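We have chain A already, so just place chain B on it with the hints.
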Amino acid sequence: MSEVKFSKEHEWITLEGDVATIGITKHATEMLGDIVFAELPEKGSNVEKDGTAGVVESTKAASDVYTPVSGEVVDTNQAIVDDPSKINEDPEGSAWFFKLKMKDQSEMESLMNKEEYDKFAKESAS
Amino acid sequence: MEIKKTSLNKLHQGNNAKFVEFAGYEMPIQYSKGIIEEHKFTRSHSGIFDVSHMGQLFIYGDENLTVELEKIFPLDLKNLKLNCSKYSFLMNEDAGIYDDLIITKIEEGYLIILNAACKDKDFEVLSNLLGKKYKMYLDNNRSLIAIQGPKSVEILNSIINGVDKLHFMTGNWFDSDNQKLFVTRSGYTGEDGFEISISNDKAEKFAQNLIEKGAQLIGLGARDTLRLEAGLCLYGHELDINKTPVEANLRWAISKSRLSNGGFIGSKKIKNQMQDGASQIRVGIKPEGRLIAREKTKIFDDKNTQIGEITSGTFGPSVNGPIAMGYVDKEFSKVDTKILLEVRGKKHPANICALPFYKKNYVKGVN
Chain A
1 MSEVKFSKEH
11 EWITLEGDVA
21 TIGITKHATE
31 MLGDIVFAEL
41 PEKGSNVEKD
51 GTAGVVESTK
61 AASDVYTPVS
71 GEVVDTNQAI
81 VDDPSKINED
91 PEGSAWFFKL
101 KMKDQSEMES
111 LMNKEEYDKF
121 AKESAS
Chain B
127 MEIKKTSLNK
137 LHQGNNAKFV
147 EFAGYEMPIQ
157 YSKGIIEEHK
167 FTRSHSGIFD
177 VSHMGQLFIY
187 GDENLTVELE
197 KIFPLDLKNL
207 KLNCSKYSFL
217 MNEDAGIYDD
227 LIITKIEEGY
237 LIILNAACKD
247 KDFEVLSNLL
257 GKKYKMYLDN
267 NRSLIAIQGP
277 KSVEILNSII
287 NGVDKLHFMT
297 GNWFDSDNQK
307 LFVTRSGYTG
317 EDGFEISISN
327 DKAEKFAQNL
337 IEKGAQLIGL
347 GARDTLRLEA
357 GLCLYGHELD
367 INKTPVEANL
377 RWAISKSRLS
387 NGGFIGSKKI
397 KNQMQDGASQ
407 IRVGIKPEGR
417 LIAREKTKIF
427 DDKNTQIGEI
437 TSGTFGPSVN
447 GPIAMGYVDK
457 EFSKVDTKIL
467 LEVRGKKHPA
477 NICALPFYKK
487 NYVKGVN
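Residue numbers (the numbering used here), protein chains in the order written: chain A, 1 to 126; chain B, 127 to 493.
Next up, chain A with everything else stripped away, as it sits in the complex (with noise of 0.2 Å):
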């Protein structure tokens, strides 16, 4: 698996041979609060760069989800949207959202590294 990628729009993503797995990051979650709803888009469609491909609510406010990179959503997480506390739990780890089969694995180049996100992440918060 490859190394796990951030976005400014706080999602992380890994790469498995073209198959991408996104979801929220850690820091993402402790600005939402509590999550309380997830809609993930549907299996089989496409998403686009930077497009919307999702929206979580906290008992605060809905927020948009949005995809990183291109491609075919082939896999949701139906687990978050039946328990969207699971979110909260393990937000960069079994609470993934949908998985896409990627078009061009060069958007994966601009997307930050680790290092790089939680210095984003930090400037971001305050």
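Derived by calculation from the structure, the hints in this document are not laboratory data.
Everything numeric in this text was worked out from a predicted model, so none of it was measured.
One or more of the hints may lead you astray.
What the hints assert, rightly or not - Cross-link-like lysine-lysine pairs, in silico, DSS-like; alpha carbons within 30 Å at most: (1) B:Lys485 / A:Lys86; (2) B:Lys159 / A:Lys8; (3) B:Lys159 / B:Lys412; (4) A:Lys119 / A:Lys49; (5) B:Lys207 / A:Lys49.
Showing chain B alone in chain A's frame:
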């Protein structure tokens, strides 16, 4: 304008509060445990709420004051006993609501608790109506602390002996730590609890004392989920100047004797609406599944005609599901009516349901 801080601001900071601006005040939306934990703790134990941003309006005067206030509020104030409280409204001639409030008869006058965002306007409206005959002031030297939840009576009584004898919607002065506190048995969470009016310089120590006895600080986020589960209105959401108490389904708060005799501001409109019914009415709404429908969500019937709008919507931690309140056309206001909610461009099924979503635990008679 500089943001205002309550006398508990340092205590909030020390407890890792996340702050938001609310009605010009820096207020805690939540602490480190988060809204759901705070909500559940209030329902099972005891939560402390800083509500010092709310207005504490004292008005003093003779029997004439009662006569004058009856021209303003739809209440039977002549028969309101000392230390008893009533929920009411400040209205305009069209029965539009300036604010909802709690008024308590105190010695030689009244104490009125007002919403933070409305208190200055309320003061202006009341000053214009009452003139300068009565001593009247918003007391900025006093903080207001609410303690809510089933353990609150035990905790508060261990600090202020005798509060356990208070009935729901009554209050009294108590001595504690060399000062006079005004304590009412009331609140806005659907739980048994109290509100304590205390001088600013003693407030932090008092709240700290409550924490040491086992209560926990709760933010505005959980205050909102708690009041929504209890089916209670929030000014600026369910209530505003374009809504009347009849439309808001709060006719229980209007005194029957006052209604038949009239003579208060807005009484004609209220009488008419009581007879003919309001065209729209506030209802409880339960979306199917886990969908959350927020404020301003449009409500439709099965023929795609818009029939109303959501005024508050969130996830109810004790209900363990989404809940909302809103206004719908009268013919759709019956419990179990099926409606559709438009969220992110799609229509989702929901049902009109009875309020409250969560059953209350108010203590009525204790003696």
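Inset, instruction - Could you tell me which of the hints above the structure violates, numbers in ascending order? - result: 5
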